[in-house]
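Visitor: Now for the letters of each chain:
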Amino acid sequence: MSDSNKKKEMWEKIQKNQIFRAIFRTGGSITTHKQRVLVTLNNVFLHLHPVRLPKHAVKVKYTWCMGGLSFFIFLVLTVTGILLMFYYRPTVEYAYGDIVDLSEQVPLGLMREIHRWSAHLMVITVWLHMFRVFMTGSYKPPREFNWAIGVILLVLTMLMSFTGYLLPWDQLAIWAITVGANMAKATPFIGSAGPGSSLLAIGDVNFVHSASDAGFAMLGGRFVGEGALLRFYVLHCIGLPFVIMLFMIVHFWRVRKDGGISGPT
Amino acid sequence: MEQIKDFINIISAPQISFTAIILLFFFIFPPNDLFYKIHRGLRIHKLWTKGGGITIFSFLTIFFIFGITDQNFRMIVTKPDNVPIVALLYLVVFFLWFSLKQAYDNDKRIDEGKGPNEAEDAKQKVLVWPDLVYIELIAMVSVAALLLVWAVALGAPLEEPANPTVSPNPSKAPWYFLGLQEMLVYFDPWIAGVLFPTVIMLGFISIPFLDNNRKGSGYFTFKERKMAISIFLFFWLVLWIFLITTGTFLRGPNWNFFGPFEYWDKHKLVALTNVNLSELFYMVWQNKQLPSNILLREMPGFLLVGAYLGLLPLILAKTLFKKVYERLGPIRYSVFIIFLLIAISLPIKMYLRWGFNIKYLVSIPEFFFNI
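Residue numbers (this note's numbering), protein chains in the order written: chain Z, 1 to 265; chain L, 1 to 371.
Where hints are given, some of them may not hold.
Claimed, not checked - Listed next, the in silico BS3-like pairs over lysine-lysine satisfying Cα-Cα at most 25 angstroms (straight line): (1) K114(L) to K59(Z); (2) K123(L) to K34(Z); (3) K226(L) to K61(Z); (4) K61(Z) to K268(L); (5) K123(L) to K61(Z); (6) K268(L) to K5(L); (7) K61(Z) to K5(L); (8) K257(Z) to K125(L); (9) K13(Z) to K288(L); (10) K46(L) to K55(Z); (11) K125(L) to K59(Z); (12) K215(L) to K59(Z); (13) K55(Z) to K123(L); (14) K59(Z) to K223(L); (15) K61(Z) to K114(L); (16) K257(Z) to K114(L); (17) K108(L) to K55(Z).
Calculated from the structure, these hints are not laboratory results. The model shown is predicted, which means the values in this text are computed figures rather than measured ones.
Bound conformation, chain Z alone (with noise of 0.2 angstroms):
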């Protein structure tokens, strides 16, 4: 017996044993017809796809990949951000020097450069997205919802990445969020350098006061301290990704209740 004989005997043995079909409910060499549109419905992950497309919706020159993409990116954000919770502690005392062991100490401590290059990727790719979507005209009718829903992800998005970049602890990170929470204490009547806040009194008792405004509710503090590096941490961590979850589930619901990828009819 020859040696690719054999090699297809023990195939198709393996094919058949009790474990390999219990994993692989469509088997394990696809080539019928019938078998391609199983493995699309039997796979939880690719039964977000419809099992049949027109040829314009797969190809790269109409998709540029880029909605895909930035889902991609989110999971190598999760992951590589998992692995760095291991080693972070997010308080004044601890949280630089966590951050340089991580460069310094950790065995292959690639994981920060990969999370933060991620980070900055994803939001061009959603960016890109969204570009796309707007050049193909997808935002119209019936698609008015989802692009809404993805206005809303886009922001998350860089929110997430807002979040973020204060957990480093260095002279960048609080500075870069000083900026952004000033642009917070000057918010219409709930930021006590805002218009109209004064005008929130009883006589000379303000309600709207440094200690008591939207920059105070972000920030935990009147300043990037201790306070805001906890705060940022949860929402970077678990409130926002929950978020972000919760209207990507949504966002890919809806393409596929929406008739699927736009194309012209």
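Using the hints, position chain L against chain Z.
Guide: Chain L only, in chain Z's frame:
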């Protein structure tokens, strides 16, 4: 060499570069038939062909190669956190060209009576497994490889430990917010940091409800959606990407402007002679004291802003935007014009600052209310 650098330094000042971009913009991205005719007459549409693309990219690359030989340029561009913006510039230019090339190809096909390329493709159906799955796999692997190489080649920046008593000069927000920080030059934080982001977000969300042109859905086209694309690109390219680029590369210590080849001198002095409209109105033009009554003092500003947001939409509906008004109807038009005028107030404020040194149109520091 030095003369070229000096020349580029001078023309990249926002007063000049921004004006040039605005003047050219509507010929490159014509919003209506008239501009479109000129656009084709001047053969600007050749930009969106293969030859045009090569020309654009050669210019961009030559500029960067030329720039990188200069020490000051190199220092700004190769800062680790600025690298993504160089990448962004290339990607934005590339995808702009890529989408418009397909759009113009489709326009030509539509003129000839054939449908867009996408319609031709859509006749054929393919299966997700394997036709889409392998494209996704290749895309994911390439990006993962890119990230790995990027991460190995370039360390993530880490500066001195945080010190609340020493503020770096300039302190900059993350790059994707630098458009907002750049607006701080012309507006108070409550406008640049709160009102504008809100308006930008609401404006974007309202696009599908304002654009009632049913054509051009699901394929690239320019001719069928001239106005929508022109307006969108104006905001996205000019008021967002341009401001981010300026804020990142051209703003140095004290948020002063520095040309791309200029040394970031901490002691550069820029004369600030900005005045408020009220001061101009009463003290300069009428040689009087400022009235003590706040409302009276700020009356010119209030009237101006009120006329801009209240009266101008009506005038425009009767004149320049007559067709737009007819197409959109009163409700859509009102929302559209308010968003548009708020957005355009930014360039207007820029020119008021550059031309007349106007700081605020309405200035009530007593209530932190400055426009």
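Visitor: Give a verdict on every hint.
Guide: Tested hints:
Distance hint between K114(L) and K59(Z) is fulfilled; the C-alpha atoms sit about 20 angstroms from each other, no more than 25 angstroms. Our distance criterion of 25 angstroms between C-alpha atoms is met by K123(L) and K34(Z), whose separation comes to about 21 angstroms. Taking the CA atoms of K226(L) and K61(Z), the gap is about 21 angstroms. The hint holds against a cut of 25 angstroms. Only pairs whose Cα atoms come within 25 angstroms are accepted, and K61(Z) paired with K268(L) is rejected, the gap being roughly 48 angstroms.
A hinted pair counts as satisfied when its Cα atoms are at most 25 angstroms apart, and K123(L) with K61(Z) qualifies at roughly 17 angstroms. Between K268(L) and K5(L), the direct Cα distance comes to roughly 19 angstroms. Compliance with the 25 angstroms bound is thereby established for this hinted pair. Our distance criterion of 25 angstroms between C-alpha atoms is broken by K61(Z) and K5(L), whose separation comes to about 38 angstroms. Distance hint between K257(Z) and K125(L) is fulfilled; the C-alpha atoms sit about 19 angstroms from each other, no more than 25 angstroms.
The suggested pairing of K13(Z) with K288(L) is violated, with an alpha-carbon distance near 100 angstroms, which exceeds 25 angstroms. Our distance criterion of 25 angstroms between C-alpha atoms is broken by K46(L) and K55(Z), whose separation comes to about 29 angstroms. The hinted pair formed by K125(L) and K59(Z) meets the criterion: a straight-line CA distance of about 12 angstroms does not exceed 25 angstroms. For the suggested pair K215(L) and K59(Z), the alpha carbons sit about 22 angstroms apart, so the restraint of at most 25 angstroms is met.
Under the criterion of a C-alpha separation no larger than 25 angstroms, the hint pairing K55(Z) with K123(L) is consistent with the structure, at around 7 angstroms. At roughly 23 angstroms between alpha-carbon atoms, K59(Z) and K223(L) fall within 25 angstroms of each other, so this suggested pair holds. Distance restraint check for K61(Z) and K114(L): the Cα-Cα separation of roughly 19 angstroms lies within the 25 angstroms cut-off, and the hinted pair is therefore satisfied. This hinted pair does not check out: K257(Z) and K114(L) have alpha carbons roughly 30 angstroms apart, beyond 25 angstroms.
Restraint check: the Cα-Cα separation between K108(L) and K55(Z) comes to about 21 angstroms, which is no more than 25 angstroms; the hinted pair holds.
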